[in-house]
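Asks: Each chain is listed here by its residues.
Protein chains: 2
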Amino acid sequence: MAFKKKVSLKDIAQAVGVSSALVSMVLNGKAKQYGIGEEATRKVLAKAKELNYQPNIMARGLRSGRSRLLGLVVADISNPFFATLAREIERAASERGYTVIYGSSDEKPEHLSKLMNTLANQGVDGIIVVPCENSEELIADLYLQKYAMVLVDRYFPKINTLSVSLDNAEACKNVTRHLLSQSYKKIGFVSYESELLHMTERVRGYCEAMQEAGLKNSINVLKLPQDKYQETMLQVFEQHQIKNLEALIFSNNSLTIQGLYVLKQLKVRIPEDLAVFGFDGGDVFDLYCPAISYVRQPVEEMGRKAVTVLIDQLESEKPEEIKRYVLKSDLVIAESSLKKK
Amino acid sequence: MAFKKKVSLKDIAQAVGVSSALVSMVLNGKAKQYGIGEEATRKVLAKAKELNYQPNIMARGLRSGRSRLLGLVVADISNPFFATLAREIERAASERGYTVIYGSSDEKPEHLSKLMNTLANQGVDGIIVVPCENSEELIADLYLQKYAMVLVDRYFPKINTLSVSLDNAEACKNVTRHLLSQSYKKIGFVSYESELLHMTERVRGYCEAMQEAGLKNSINVLKLPQDKYQETMLQVFEQHQIKNLEALIFSNNSLTIQGLYVLKQLKVRIPEDLAVFGFDGGDVFDLYCPAISYVRQPVEEMGRKAVTVLIDQLESEKPEEIKRYVLKSDLVIAESSLKKK
DNA sequence: ATTTTGTGTTAAAACGGTTTAGTATTACAT
DNA sequence: ATGTAATACTAAACCGTTTTAACACAAAAT
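Protein chains in written order, with my numbering: chain A, 3 to 343; chain B, 3 to 343.
By construction, these hints were calculated from the structure, which means they are not laboratory data.
There could be a bad hint or two in this list.
Note: identical chains are not told apart, hence a pair may lie in one copy or across any two.
Simulated pairs of lysine-lysine, DSS-like, Cα-Cα distance not exceeding 25 angstroms [unchecked claim]:
no.: 1; residue 1: K49; residue 2: K12
no.: 2; residue 1: K230; residue 2: K110
no.: 3; residue 1: K148; residue 2: K116
no.: 4; residue 1: K245; residue 2: K187
no.: 5; residue 1: K116; residue 2: K51
no.: 6; residue 1: K148; residue 2: K12
no.: 7; residue 1: K51; residue 2: K218
no.: 8; residue 1: K8; residue 2: K116
no.: 9; residue 1: K218; residue 2: K116
no.: 10; residue 1: K225; residue 2: K32
no.: 11; residue 1: K51; residue 2: K245
no.: 12; residue 1: K269; residue 2: K341
no.: 13; residue 1: K116; residue 2: K49
no.: 14; residue 1: K49; residue 2: K225
no.: 15; residue 1: K8; residue 2: K148
no.: 16; residue 1: K188; residue 2: K325
no.: 17; residue 1: K266; residue 2: K341
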């Protein structure tokens with residue numbers, strides 16, 4: 003009870019009266035290369051179209067050792083940033099004749115590891131990974147095993163992999179400067195417990211901008227424990243800390259959203275009581291009252307670049323040089339971060 | 003420059019000193035069935051584990067004619083309802099040893115058609131489809147070609163396919179009754195131009211509930227042209243119609259979100275000026291001020307059911323009977339639909 | 001003693017493509 | 001006439017797995 007049997011090379015070969023080898027050559031556009039006659043070429047192409055021939059991907063894959071399948075592991079597909087990223091990656095891959103299979107790690111290294119295994123089993127040619135906390139070893143292992151791989155959004159400085167990521171320090175530096183320009187001085191930064199470079203860079207950008215402004219003493223970084231964002235924020239904000247702050251920067255999409263839940267619950271007025279700056283956008287930000295400012299990442303570019311460098315490496319014979327690509331973001335300014343009157 | 007070469011049956015066979023046929027039988031758990039000796043079985047299993055053998059999926063697929071790949075086409079993966087659905091489907095499929103590849107049709111039949119082709123090319127064993135407008139013919143074609151297929155969220159009454167969907171009429175009847183119970187009488191229903199059953203059923207549920215309440219004359223269904231939701235809503239609402247209404251039911255997730263943009267722009271107070279009821283939930287609904295009530299669909303159940311019926315059909319020899327599964331939803335009530343004081 | 005039955009194993013074919021080495025045929029140069 | 005080269009094509013191997021038919025060898029039945 004599956005799909006109807008498909009047209010094979012042999013069917014075309016028989017119909018035209020040539021060998022299936024010839025048909026294969028013609029349909030792979032290697033007619034000239036192999037010195038196939040014009041007439042044969044024409045007939046084969048015509049018959050293939052007539053019968054609507056579709057190559058059997060498994061036979062091809064088995065022979066060539068390549069599947070034209072890419073694996074993608076994101077942190078969480080229900081996060082709009084990753085959803086968009088996945089979509090762009092899919093689109094770009096499809097343009098180059100590749101199909102993408104994906105999964106979410108939920109920021110758990112065990113999930114990541116399991117997923118990578120599943121993907122490898124499916125015979126993917128290469129993987130695009132958003133690595134999660136504590137996955138450095140795993141990634142290093144794969145790197146040593148010569149997996150074709152590109153890291154996105156985050157990377158490990160010690161492991162020499164292809165990577166595409168944001169200039170995170172600059173982004174947060176710009177956010178901080180913007181808030182400073184709106185005459186906020188006591189600016190807090192909401193982060194989570196993480197060794198991952200993208201996060202430490204974001205923190206660094208904030209700190210540097212504060213230092214530049216001579217506000218070294220006002221630096222205030224809140225590191226939330228994983229999986230307890232709302233709980234911890236509620237406690238911290240409820241107690242007193244929020245009274246000492248004029249603005250808060252949330253350093254990723256889900257932190258922002260969780261933060262908004264808490265601020266809403268505490269009836270904090272934005273930006274009167276507290277200015278807010280978030281990450282990655284989405285309908286939530288635009289529809290919130292007031293609309294929330296955010297860092298817009300070049301998601302499309304990020305996805306396309308990842309696909310391009312990965313496939314280029316896959317298709318090149320000689321091991322290409324390993325590069326890190328760093329992209330720039332911009333700020334979408336809304337009411338939540340404007341000067342209070 | 004791809005993955006390192008993997009361990010094959012032959013490697014194990016050589017290491018143990020038996021034929022690869024025997025190894026295949028043992029590793030497929032058919033040792034007893036084929037009367038393989040105990041010792042050989044033990045040795046093979048041990049060696050397979052030692053070498054971390056992973057079967058080559060393409061060789062297996064080529065031989066068996068089955069890929070253990072499922073195709074999934076949703077309307078729009080960036081819609082949280084479909085994102086969650088996709089995730090549940092993936093999870094359920096993975097539990098049964100299948101992998102899912104997916105794409106978004108963007109409600110365009112040409113996209114749908116193209117995607118189905120891509121999926122078929124990838125050799126999927128079966129497909130799970132959220133059919134879009136004007137795709138009835140395409141689906142009917144595939145049905146005639148004996149594609150293993152299950153429709154989700156929507157279906158065509160005239161085509162006898164497996165399907166899993168919501169009791170949409172009942173859902174909207176309940177929404178309408180709820181609003182009536184909150185003493186709203188002039189209730190409008192926002193829909194879009196569509197022949198798809200899920201939408202006509204939603205309209206029907208609303209109409210029936212209004213009739214039940216003796217409010218036949220207050221029935222007010224707004225059908226928006228596709229791709230122009232916001233534009234049209236803005237025009238309609240701006241003019242005058244909204245003044246005659248006390249409540250609005252939005253009949254899917256994106257209509258709700260687009261509607262909120264417009265209502266926000268027009269500074270309509272919810273629920274004082276207008277009560278609002280939406281579909282499918284998400285952070286936007288919970289964080290909106292005030293929180294938006296919505297119909298919660300049993301997404302997980304829907305995904306699991308779709309996977310189950312599809313795989314069951316794939317794996318059964320005899321053509322199973324075609325069934326339609328209809329699931330129930332519940333209402334999440336928030337401030338947006340409560341009685342005005 | 002010979003056939004039958006059963007047990008444990010293997011050789012070989014098949015899946016559908018790609019690629020290499022080889023074969024025929026004609027054309028050209030020696 | 002003979003060797004060389006170019007042209008147009010094909011046979012066959014190969015990828016890794018599954019499955020069928022076959023094959024030894026022993027024990028039991030005739």
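Asks: What hints, given by number in increasing order, does this structure fail?
Replies: 7, 9, 10, 11, 14, 16
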